[in-house]
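Participant: Take these sequences, add in the hints, and give me the full structure.
Note that the protein sequences, when read in sequence, are chains A and B. First residue of the first sequence? That's 864 in my numbering, and the numbers climb one at a time after it. First residue of the second sequence? That's 3 in my numbering, and the numbers climb one at a time after it.
It is possible that part of the hints are untrue.
[Unchecked claim] Covered, in the sense of this in silico footprint (three residues per stretch, anywhere, with C-beta under 8 Å from a C-beta of chain B), are these stretches of chain A:
1. 919-925
2. 999-1005
3. 1326-1339
4. 1446-1455
[As the list claims (entries may be wrong)] Pairwise CB distance ranges (calculated):
5. T1263(A) - N110(B): 46 to 52 Å
6. Y93(B) - A1270(A): 45 to 51 Å
7. R63(B) - A1112(A): 25 to 31 Å
8. S7(B) - K1441(A): 54 to 60 Å
9. R63(B) - V1171(A): 37 to 43 Å
10. T1091(A) - W67(B): 41 to 47 Å
It should be emphasised that the hints constitute simulated quantities derived from the structure, not laboratory data. If you're wondering where the values come from, they're calculated on a predicted model, not measured in any experiment. Ideal placement from N, C-alpha and C gives every residue a C-beta, glycine not left out.
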Amino acid sequence: MQASSRAAETLFIAATLGLLVFGCHRGPADAEPPTGRVVLIGGRLAPASGVEDGEWRKVAKDDANTRFSGLATITPGNVATLRVAWTFKTGIARGHEAAPLVVGSTMYVVTPFPNRVHAFDLKAPNGTPKWTYEAHPEARAQGVACCDVVNRGAAYDDGRVFFNTLDDHTIALDAATGRELWNTKLGEVARGETMTMAPLVVKGRVLVGNSGGELGVRGWLTALDARTGEIAWRAYSTGPDADVLIGAAFKPYYAGDRGVDLGVHSWPPERWKIGGGTVWGFVSYDPELDLLYYGTANPGPWNNEQRVGDNKWTSGIFARRPADGSAVWFYQWSPHDLYDYDGVNESVLADADTPNGPRKLLFHADRNGYLYVLDRANGQVLSATQFGHVTTSRGVDLTTGRLNYVAEKQPHVGQTVHDICPGSPGAKDWQPMAFSPKTALLYIPHNNLCQDEEGMQANYIAGTPFVGEAIKMRPGPGGNRGVFSAWDPLGAREVWHIDEDLPVWSGALVTGSNLVFYGTMDGTFKAVDAKTGALLWHAELDSGVVGQPITYRGPDGKQYVAVFSGVGGWAGAVVPAKLDVTDPTAALGFVNAMRDLPQRTRAGGTLYVFTLP
Amino acid sequence: MRAPSLLLLALLSAAGCRRERRSFSEPSPLQARVERAEPLPSGEPLSHFLDNAWAVSEGARLFGWYNCAGCHSLGGGGGMGPPLRDGAWRYGGAPADVHRSIVEGRPNGMPAFGPRIPDYQTWQLVAYVLSLSGRLRLDVEPGRPEAIAIGKPPVMVSKKLPSAEPLPEAP
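Facilitator: Next up, the structure:
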């Protein structure tokens, strides 16, 4: 037994090494990438003029989703002395994925279920609580949250704080007092709907979407009037054009996305009604084009044989008008998605000066393993380059825009398909990347996971899972389950990378002094050099980090860095939910790759705020 | 040549007999906690389900069919819902408690399946759920399913695994 297991181990290591070598080979970029200088689009940052407000008013810092702050007091030279200024324990054991907000001298955080909102007075010492709001969501909502009972943050606009609850309410609070201003119910727990995403406020509209792609939920993005909470419009991700808000203005770049009611006809009869395409990622907005951008999640069920067709408009990206929600263009990252490759990952907006003039771009690192550069005015794919290990597809056809799937890796009922890479959480899941206009690089937290899977019949029972795949995940080539990399989007190449043993499930932050912050699931919070990736500082926190780090200038003029620790989320649920690591299919197969995590960290939510001595 | 062959055959038979002398009805350590005395409202004794291999295997099939596996996972390790193979019970682990959880639902997310599932199937599910934590007689426990869940997980290659404590083995 010992000998055979050793032999198996040797074989596995050899195979892994082989794959690693194979993985080192990168194919040529699919398209001639645009070249030139990258500058940040409008928004509040305006790095050209050097204006930095020192606040962090939106989860991604700005509408372009950069997570870049121009603050530069904490530098590569002094970051080694960074220390804890104050902490706050939330008393909640589940995954803390939210970004704190800092507006003026107040910090706002929203917790996982039961979705408390805490405001801290930053003028008082050590994060004195200012007010707390209790949302009291329905307890049964916990039972339909696919991937831990997380919340990814709040939004601030014009004296109000907006956030979503797990039981499908969007709530507006008076930012000064925490008093509830309005509370709108948007979905049904009984149908499997939850809400976990961070809202974005654009032109007086609060944009929110639903979660539940593993429960046959029909996805939507909804705009609420920021003053009243009334629904201004709702755009579904499946169904007739009228429901999807597709009208005369809709001009998708690729022919395959043109037609009447494709959200009905690209499905077997009636399947679009339980077809997924939920909206739970981050929303971006370009004020010049007046377009907002967001991704749609996986089609349901995961078992692709029960939903023949392209399954529009799932696993893709919409550009819409904020005023009435009308769709302007759409592009499908993964037509007829085979692997739960949600298309919800954030899009970073940036402008490039090219030899042919300025070009408005959109950067997106998809679950399917490709880093896309799109023309965000019309949805044309300019380049799509593998940024992780991919066995499920061979490139993107830039004429048709279609992902070229590998037929042998297509899952079937009753057949186990091996070495599906990336696995269902993708080369990168929700964990948001950062973009620095100073280095013109993207900083990408990602996964290195593969899986074996077998299709099974999925039965639709409202409010219960609608999946139909048995999955076992494992580390990808090299054995490291995570990677943190710096990526040159215009050169379509990796500049440096750090192998991380665990999936990097936290967001990234980059500053004006070329410092990059991210955390790992064993509770290490790190600062690395944005140019080289050299580790400059780290701290061991109470629990694994799956939150989004931010930085701000306090009322005392000092620069602070804040992040939640509190392991959880799909990758980390094994710890707080005490899942059984002897069942490889637990947590939709993720537990098989995370069996050691309960020994390496513990559950519990803490807000950490760091500064220089 | 014949004599040694016969001798060998006899020895093998004897060895075989010894292998077959398994104690089918030996209770598992947790089994004592399963209360069997109370009959069902229909008058049918509970043992018709809990001591019945066919009922348990039907429960295993229904566990997938009614999407129990979607939340509690194919092997009962949990996910959206809590694990069912660890011996910890939020709402009680007696057969009647598990039955009530399935029929009426529970406040933290377990839906009520009462209107959807005939009562005899609910008891088959109860039997299967109890088998996941080894609380039924060994001879009625379900066999190895053919699904992907079974088998030793691949060797984890990791640079930073703590050396002192090896990973728990899959069954």
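Participant: Has the hinted range 25 to 31 Å been met by the Cβ atoms of R63(B) and A1112(A)?
Facilitator: Distance hint for R63(B), A1112(A) is violated at roughly 51 Å.
Participant: Has the region 1326-1339 of chain A got at least three residues whose CB is nearer than 8 Å to a CB belonging to chain B?
Facilitator: Three-residue rule met by the region 1326-1339 of chain A, so holds; n is 10.
Participant: Can you let me know if the beta-carbon spacing of S7(B) and K1441(A) is within 54 to 60 Å?
Facilitator: Taking Cβ atoms as reference, S7(B) and K1441(A) lie about 57 Å apart, which means the hint holds.
Participant: If you count the residues of the region 1446-1455 of chain A with a beta-carbon closer than 8 Å to a beta-carbon of chain B, do you get 3 or more?
Facilitator: holds (count 8)
Participant: Do the Cβ positions of T1091(A) and W67(B) conform to the proposed distance bound of 41 to 47 Å?
Facilitator: holds, 46 Å
Participant: Between the beta carbons of T1263(A) and N110(B), is the distance compatible with 46 to 52 Å?
Facilitator: holds, 47 Å
Participant: Can you take a look at whether the region 999-1005 of chain A is actually covered by chain B? Rule is 3+ residues, C-beta closer than 8 Å.
Facilitator: holds (count 4)
Participant: Tell me if the beta carbons of R63(B) and V1171(A) are separated by a distance inside 37 to 43 Å.
Facilitator: The hinted range 37 to 43 Å is violated for R63(B) and V1171(A), with Cβ atoms some 26 Å apart.
Participant: Given a hinted range of 45 to 51 Å, is it respected by the beta-carbon distance of Y93(B) and A1270(A)?
Facilitator: holds, 47 Å
Participant: According to a criterion of three or more residues whose C-beta lies within less than 8 Å of a C-beta of chain B, is the region 919-925 of chain A covered?
Facilitator: Three-residue rule not met by the region 919-925 of chain A, so violated; n is 0.
In this structure, the hints that do not hold are numbers 1, 7, 9, in rising order.
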